[in-house]
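Participant: With the sequences and hints as input, model every part of the structure.
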Amino acid sequence: MAMKQDEDKYRRMRERFADCQSAEAALRTRALDDLKFIWVPGSQWDDSSLANRDKRPKYEFNKLRQMVKKVVNDLRMNTPSIKIRATEDGDAALAELRQGLIRNIETQSRADEAYDWGGLYAVSGGFGAWRVRTAYTDDDSFDQDIRIERIHNPFSVHFDPHARALDRSDARFAFVEESIPRVRPTPLPATATPALAWYPAWARTCCPTSTGTSPGVPAPTRPPPVRCPIPAASTPLATI
217 MAMKQDEDKY RRMRERFADC QSAEAALRTR ALDDLKFIWV PGSQWDDSSL
267 ANRDKRPKYE FNKLRQMVKK VVNDLRMNTP SIKIRATEDG DAALAELRQG
317 LIRNIETQSR ADEAYDWGGL YAVSGGFGAW RVRTAYTDDD SFDQDIRIER
367 IHNPFSVHFD PHARALDRSD ARFAFVEESI PRVRPTPLPA TATPALAWYP
417 AWARTCCPTS TGTSPGVPAP TRPPPVRCPI PAASTPLATI
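Take any residue in the sequence shown, note its place counting from 1, add 216, and you have its number in this note's numbering.
Simulated from the structure, these hints should not be mistaken for laboratory data.
Misleading hints may appear alongside valid ones.
As the list claims (entries may be wrong) - With a Cα cut of at most 25 Å, we get these calculated DSS-like pairs of lysine-lysine: (1) K286 with K271; (2) K252 with K285; (3) K271 with K252; (4) K252 with K286; (5) K274 with K252; (6) K252 with K279.
Facilitator: In structure tokens, the structure reads:
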């Protein structure tokens, strides 16, 4: 029964993702063309025009880039932020408290980078994105902090095609694609095994030792924690 439910869930996910791709294909193609037109030298000439020009000069006078930079710089000078104000019978003190908490979240997350990056893509190609998520405070705690994160490639974000709100707040679902590189685990040298013998198998397999002992030096009873250097999920930048 559980396997059947998983199969239905994944099938529904694939169908929804296919719907997102088909509904936004033309929009994304035009957005990518706009990004190339503004930021990639030589992209203001189409293939047929380039072929006709042959070896003759092909000049470009990129006026759009200057205007886009002007708008983006204005955004950076006046970075948007979340504001909370008490209305009518609202508690002004509580609103100020929440404002302080949100200001701290934005500062700790460096949210201005997310806003600037999303604004750059929005001005250049028509849409940008960032996301709000939670992350563990540290490896030894179950406490979580709210973070505002930049999405490097807004083309990796797919919203419910039936959403109507401009900010997609009425979307029933969304996808964020990520590319994870394939890496082979690096086995530890035999001399490092005693120092990490108490670690789990995955740590002994894929973590190069930073606590290996020199010949004649006894291994520590409890070496400091070694973080597994498995590359985090990375999202490729848009081809612009």
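Participant: Hint numbers the structure violates, sorted upward?
Facilitator: 1
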